[in-house]
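Visitor: Read off the chains here:
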Amino acid sequence: MHPNSPIKAPAPRSEQIILFRVSGQLFAVSSASVQEVRGVDSLSGAAKEISQPSLRKVKHVVRRGENSVYVVNAAMHFGLPPAPPALVFVLRRTRTALLIDGIEKMTSMTRLQALPLAFCHEERGWYRGLTALDQTVVPVVKPDGFLTPEEIFLLDASLSQEAEAEATRIAEENAQNGIDTSVTQ
Amino acid sequence: MTLIAETELQSFVLLRLGDRRFAVAANQIAELVPPSRVFRFPHHTSEVEGVILRRGRIVPVCDVAEKLIGKGLNSRRFYLIAQRCYGPQTEWVALPVTGDCELINAEMSLPSDTDAPHVSGWLSHAGDVIEVLNLAALTPGPSELAPVTSPLQPLEARP
Numbered sequence: 005m006h007p008n009s010p011i012k013a014p015a016p017r018s019e020q021i022i023l024f025r026v027s028g029q030l031f032a033v034s035s036a037s038v039q040e041v042r043g044v045d046s047l048s049g050a051a052k053e054i055s056q057p058s059l060r061k062v063k064h065v066v067r068r069g070e071n072s073v074y075v076v077n078a079a080m081h082f083g084l085p086p087a088p089p090a091l092v093f094v095l096r097r098t099r100t101a102l103l104i105d106g107i108e109k110m111t112s113m114t115r116l117q118a119l120p121l122a123f124c125h126e127e128r129g130w131y132r133g134l135t136a137l138d139q140t141v142v143p144v145v146k147p148d149g150f151l152t153p154e155e156i157f158l159l160d161a162s163l164s165q166e167a168e169a170e171a172t173r174i175a176e177e178n179a180q181n182g183i184d185t186s187v188t189q
Numbered sequence: 038m039t040l041i042a043e044t045e046l047q048s049f050v051l052l053r054l055g056d057r058r059f060a061v062a063a064n065q066i067a068e069l070v071p072p073s074r075v076f077r078f079p080h081h082t083s084e085v086e087g088v089i090l091r092r093g094r095i096v097p098v099c100d101v102a103e104k105l106i107g108k109g110l111n112s113r114r115f116y117l118i119a120q121r122c123y124g125p126q127t128e129w130v131a132l133p134v135t136g137d138c139e140l141i142n143a144e145m146s147l148p149s150d151t152d153a154p155h156v157s158g159w160l161s162h163a164g165d166v167i168e169v170l171n172l173a174a175l176t177p178g179p180s181e182l183a184p185v186t187s188p189l190q191p192l193e194a195r196p
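Residue numbers (the numbering used here), protein chains in the order written: chain A, 5 to 189; chain B, 38 to 196.
Hints may be right or wrong, so weigh each one.
Pairwise CB distance ranges, derived in the manner of DEER restraints [unchecked claim]:
| id | chain 1 | residue 1 | chain 2 | residue 2 | range |
| --- | --- | --- | --- | --- | --- |
| 1 | B | Lys108 | A | Gly83 | 22 to 28 Å |
| 2 | A | Thr140 | B | Gly136 | 26 to 32 Å |
| 3 | B | Arg77 | A | Asp160 | 33 to 39 Å |
| 4 | A | Ala118 | B | Gly136 | 30 to 36 Å |
| 5 | B | Ala153 | A | Asp138 | 40 to 46 Å |
| 6 | B | Asp137 | A | Ala13 | 27 to 33 Å |
| 7 | B | Pro154 | A | Asp138 | 37 to 43 Å |
| 8 | A | Gln139 | B | Lys104 | 26 to 32 Å |
| 9 | B | Ile141 | A | Thr140 | 33 to 39 Å |
| 10 | B | Arg57 | A | Ala13 | 27 to 33 Å |
| 11 | B | Ser48 | A | His125 | 33 to 39 Å |
Read the hints as simulated data drawn from the structure, not as lab findings. The model shown is predicted, which means the values in this text are computed figures rather than measured ones. Don't be surprised by glycine CBs; every beta carbon is placed ideally from N, CA and C.
Chain A on its own, in the form it takes in the complex (with noise of 0.2 Å):
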């Protein structure tokens, strides 16, 4: 005779995310969402502005390979009150940097419960889901929810104009240089 084995109920899958912090505001993310996580001192060298006047929450643009990848501001976005932002995250499989104040802690989610249906305005598109950690509810950011595809067509149109705007600039400026070395020749 065996001795009755116990049987195991199947551990609860559970998905690895990052709690942080936006103007004292706590959010989730996947962890796996996060490509990279940066300090914003380092951004400052290798961003360039970007100005589209209905979307302020995006004022800088960083070169990744091919693709600019547009900088978040988290509290803009949420409509939350501004506040000095410490890290980027670089979101992974998205053109998007989100500016946030600090990272709470790495943990882990077994539940992830749909948005209720009674939020039904932009929200639906920010959010993954609810999840309850330690008695407390924390919403969990969708990483494409942060600029919708127009938004991204938007920036990207903005960006075109400004690199047209700056090739015109230069061979004016290349042009009045051939006109003064010529009359200085």
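Fit chain B to the supplied structure of chain A, relying on the hints for placement.
Guide: Chain B alone, transformed into the frame defined by chain A:
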């Protein structure tokens, strides 16, 4: 004759918002719970003030007082947890109330064309005429999931 009259009675939960009472079909009510911590996070649905944790579920808190009595609630004694239909789906919503709730049996009169969308009928109880609430019209939800069934029909799906 008596039998017919009795079968027309339905159960309702009376809730209190300030000085007024309203009714919700009892088959839509899950429980009445004391106030607990409301967790807030950014969103743009003004009718939802946050969520509470109840039996492991995350339940949105919808303050319907503004719509019903013209002002928000300064104090609340309980949350009435009700089932809200979203098309074929139902979910729990927590409605803050200011006083005790009461279970009654009453006959409901149907609403007229001039009644507000959130009125699914009327009750006469203890000398008061009381609105029966249509939660689907009163609480927010995606418009594409407008309810296809009357809120007074028995709910088969659980939230």
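Visitor: Next step is simple, just say for each hint if it's right about the structure.
Guide: Quick rundown of the hints versus the structure:
no., hint, verdict
1, B:Lys108 to A:Gly83: 22 to 28 Å, "holds, 25 Å"
2, A:Thr140 to B:Gly136: 26 to 32 Å, "holds, 30 Å"
3, B:Arg77 to A:Asp160: 33 to 39 Å, "holds, 35 Å"
4, A:Ala118 to B:Gly136: 30 to 36 Å, "holds, 33 Å"
5, B:Ala153 to A:Asp138: 40 to 46 Å, "holds, 42 Å"
6, B:Asp137 to A:Ala13: 27 to 33 Å, "violated, 41 Å"
7, B:Pro154 to A:Asp138: 37 to 43 Å, "holds, 41 Å"
8, A:Gln139 to B:Lys104: 26 to 32 Å, "holds, 31 Å"
9, B:Ile141 to A:Thr140: 33 to 39 Å, "holds, 38 Å"
10, B:Arg57 to A:Ala13: 27 to 33 Å, "violated, 49 Å"
11, B:Ser48 to A:His125: 33 to 39 Å, "holds, 34 Å"
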